[in-house]
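Chains H and Z supply the protein sequences, listed in that same order.
Here the first sequence stands for residues 2 to 206, where the numbers follow our numbering.
Here the second sequence stands for residues 20 to 292, where the numbers follow our numbering.
I should point out that these hints are in silico values taken from the structure, not numbers from a laboratory.
Note that the Cβ used here is the ideal one computed from N, Cα and C, for glycine as well.
Errors might be hidden in some of the hints.
Claimed, not checked - Reference listing, derived: stretches of chain Z covered by chain H, where coverage requires no fewer than 3 residues with Cβ under 8 Å from a Cβ of chain H:
(1) 224-234
(2) 239-249
(3) 254-268
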Amino acid sequence: MSRLLKQHPSLAWIALVVLATLCSLAVVWAQKSLSTTKVAPAAKSEAKPKLHPVTIKPGPATPRLDTGLRDAKGDAITAACSTCHSTTTPNTNRHTAHDLFQAHRGLSYAHGNLTCLSCHNAKDYDTLHLADGRSVAFPDVMTLCAQCHGTAMRDYLHGSHGGMNGHWNLTQGPRVRNNCVNCHDPQVPRSASPRMRRPSLRSPN
Amino acid sequence: MDEFLQKHYKELTKEEIATVITRLTKETKDKYGADVTISDPQPQEGVKFGYALNLSICIGCRKCAEACHKENNHDRPSHQSYIRVLSRCRRARSISRKAMPTTTIPSRRRTNSTCRSNATSATGPPAWMSAPSRPPGRKRTASSSWTTTGASAAGTAKPPARITPVVSTGQKPSIPKEEINPVQAYLSNRIRPQGVMEKCTFCLHRTRNGRLPACLEACPTGARVFGNLLDPKSEIRWVLENKRVFVLKEDVGTKPQFFTSSTNRTLRHLPHS
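Start from the sequences, fold in the hints, and give me the full structure.
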């Protein structure tokens, strides 16, 4: 063998090229076989019935403060949070509505040891903020609640917390789920919203 | 099957079922003046219904009981419903003591009213059914059916707590025409004669079509979880695997598919009544 190679060195090159082509062919074949196995589950999932969506009701839109004034039509004049807050500097020493002099007086507030700015964003009052400072739009408030209320969120994600409507079988129809603040008052979470408290007076046992 | 039924019964053909449904629809029109649609939904393949109620979350608002009352076309004056809400003293450690059905809103002293559903979808006969003598304190109507307004009787060893004065069989429940739920099913919420014992069907006219039961949709708290027990990814399976789950009156042997769960120390003792 070595003598043959010494006599014809080009043979070694030919052998190398043949080996290389064989290898590449093998790789191409392997890729093909892999891609066919990949296709198979995709075809299976197509055979599965399409699942209808589970919609979570969005939280309330960015709130506006009632100024107590009326316009010509008699409608209440409201102001965006940033209207006043853009001209004032946030006072981090104020912790509750009792400490305030101008707006938000008389606001009932009892949410643990949190202060207003634990959730409201001092940099942009038309949004909220997470513990790490990232801002969250008002309708996406559930991300904010879930920071502390992990167990409630866990149960929610497994469908065992929060009211819902629609279908248990998502192959047959969609489902609509409540947002945290649809039922809980974020300012005073202990006292449930009227939605949870109002039972009809003459109903069966 | 024929041997079991001893040729006393025969299975209806599709045409015969259609005849029965037409007759029932006509009867409802004649008696109540309401146009209703009675269907006969069939069970889904590979589905076994399960229901769980989390007593830690339930606030006792009784919306479920009210929804059941309306959905299932129950008799209005008796406030019949398959669900009973028990009010108990805040200090009571077990719902079996000092617990009583309530029609009032949860008060401060008797707060934390515990909601108990009688929706024990039993899969077997209760123990007392095989008893030779009739259970004590139970009255019989002319048609030999136990008279009760609650659905609880099917899952209880003791006689149900709610026994109404004997109602003659065939007496029709009184429901105003406009309050009748027109979406009805032969086996569930069609208007049924009074004096016959019945129990919750898990709203089969809804659930066999994939919808959630009426009481669950009415619940504002999400204490109720309904789903397919055979689906390992279903919510009900998650509850059964991850919560403290009790079954009421398990010893009766009816294999109820209604589970009571708890997340905190609200229930420190197993309820039994």
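Comparing the hints with the structure gives:
For the region 224-234 of chain Z, the stated coverage by chain H holds: 5 residues have a C-beta nearer than 8 Å to a C-beta of that chain, and at least 3 were required. Counting residues of the region 239-249 of chain Z whose C-beta lies closer than 8 Å to any C-beta of chain H gives 7; at least three are required, and the coverage claim holds. Beta-carbon proximity to chain H at under 8 Å applies to 5 residues in the region 254-268 of chain Z; the threshold of 3 is reached and the given coverage holds.
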